[in-house]
Amino acid sequence: NAGVTQTPKFQVLKTGQSMTLQCAQDMNHEYMSWYRQDPGMGLRLIHYSVGAGITDQGEVPNGYNVSRSTTEDFPLRLLSAAPSQTSVYFCASTDSYNEQFFGPGTRLTVL
Amino acid sequence: GQSLEQPSEVTAVEGAIVQINCTYQTSGFYGLSWYQQHDGGAPTFLSYNALDGLEETGRFSSFLSRSDSYGYLLLQELQMKDSASYFCAVRRAGNMLTFGGGTRLMVKP
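Protein sequences appear in the order of chains A and B.
When we follow the working numbering, the leftmost residue of the first sequence carries the number 11, and every step to the right adds one.
When we follow the working numbering, the leftmost residue of the second sequence carries the number 2, and every step to the right adds one.
What the hints contain is simulated information worked out from the structure, not anything from laboratory work.
Mixed in with the good hints there might be a few duds.
A short, non-exhaustive set of chain A residues, derived as facing chain B with CB atoms under 8 Å [unchecked claim]: (1) 38; (2) 51; (3) 52; (4) 59; (5) 60; (6) 104; (7) 113.
Model, not experiment: these values are computed from the prediction.
Just so it is clear, CB atoms sit at the ideal spot from N, CA and C, and this is done for glycine as well.
Can you build the whole structure from these sequences, using the hints too?
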């Protein structure tokens with residue numbers, strides 16, 4: 011099992027550009043989520059999904075969209091990148107025992 | 002709203018015992034989780050407490066008191082590799098997690 015995979019590992023964008031961060035898991039977990047982590051801080055929930063076709067907003071959803079067409083994939087889309095979105099983005103999936111498995115992260119810089 | 006408080010930094014020596022406290026205010030509390038994160042890495046799961054009491058997993062133990070909205074992570078026989086950030090996180094309805102700001106543990110020889 012690969013667990014949770016994320017691509018790309020690093021990305022530099024210019025203000026106003028859009029892009030999609032990819033996330034996939036092979037553990038057949040229903041619940042998936044996206045977090046951002048700013049330097050020296052905890053993780054903040056952006057969006058989450060409790061199953062294919064179902065998504066909802068977390069604490070900091072503005073500027074981001076998600077979709078969940080399959081159990082495996084949960085991409086995060088930045089609509090129009092801003093410097094405030096410079097952060098490390100983690101995708102996670104949760105098993106039935108409340109353990110969250112995190113991907114390796116995407117380090118995004120917006121200039 | 003939700004809030005979690007934990008110390009920003011703790012220092013201890015190799016072989017010692019350290020306790021990292023976490024107090025929380027939240028609605029719809031389901032349980033308290035702990036995660037470890039090394040610099041540049043992803044968070045990894047350590048423990049989850051849904052009920053009051055102590056859960057032990059090897060050198061790590063986690064405690065929860067729901068009436069006091071308080072929990073702690075206890076690390077015994079500290080090793081250099083335990084130097085990392087430790088996050089408490091409250092589980093709410095819909096499996097949502099709200100994370101604290103993290104405690105940076107430095108283990109010295």
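Unmet hints by their number, sorted upward, for this structure
Hints 1 and 4 are the ones this structure does not satisfy, whereas the remaining hints hold.
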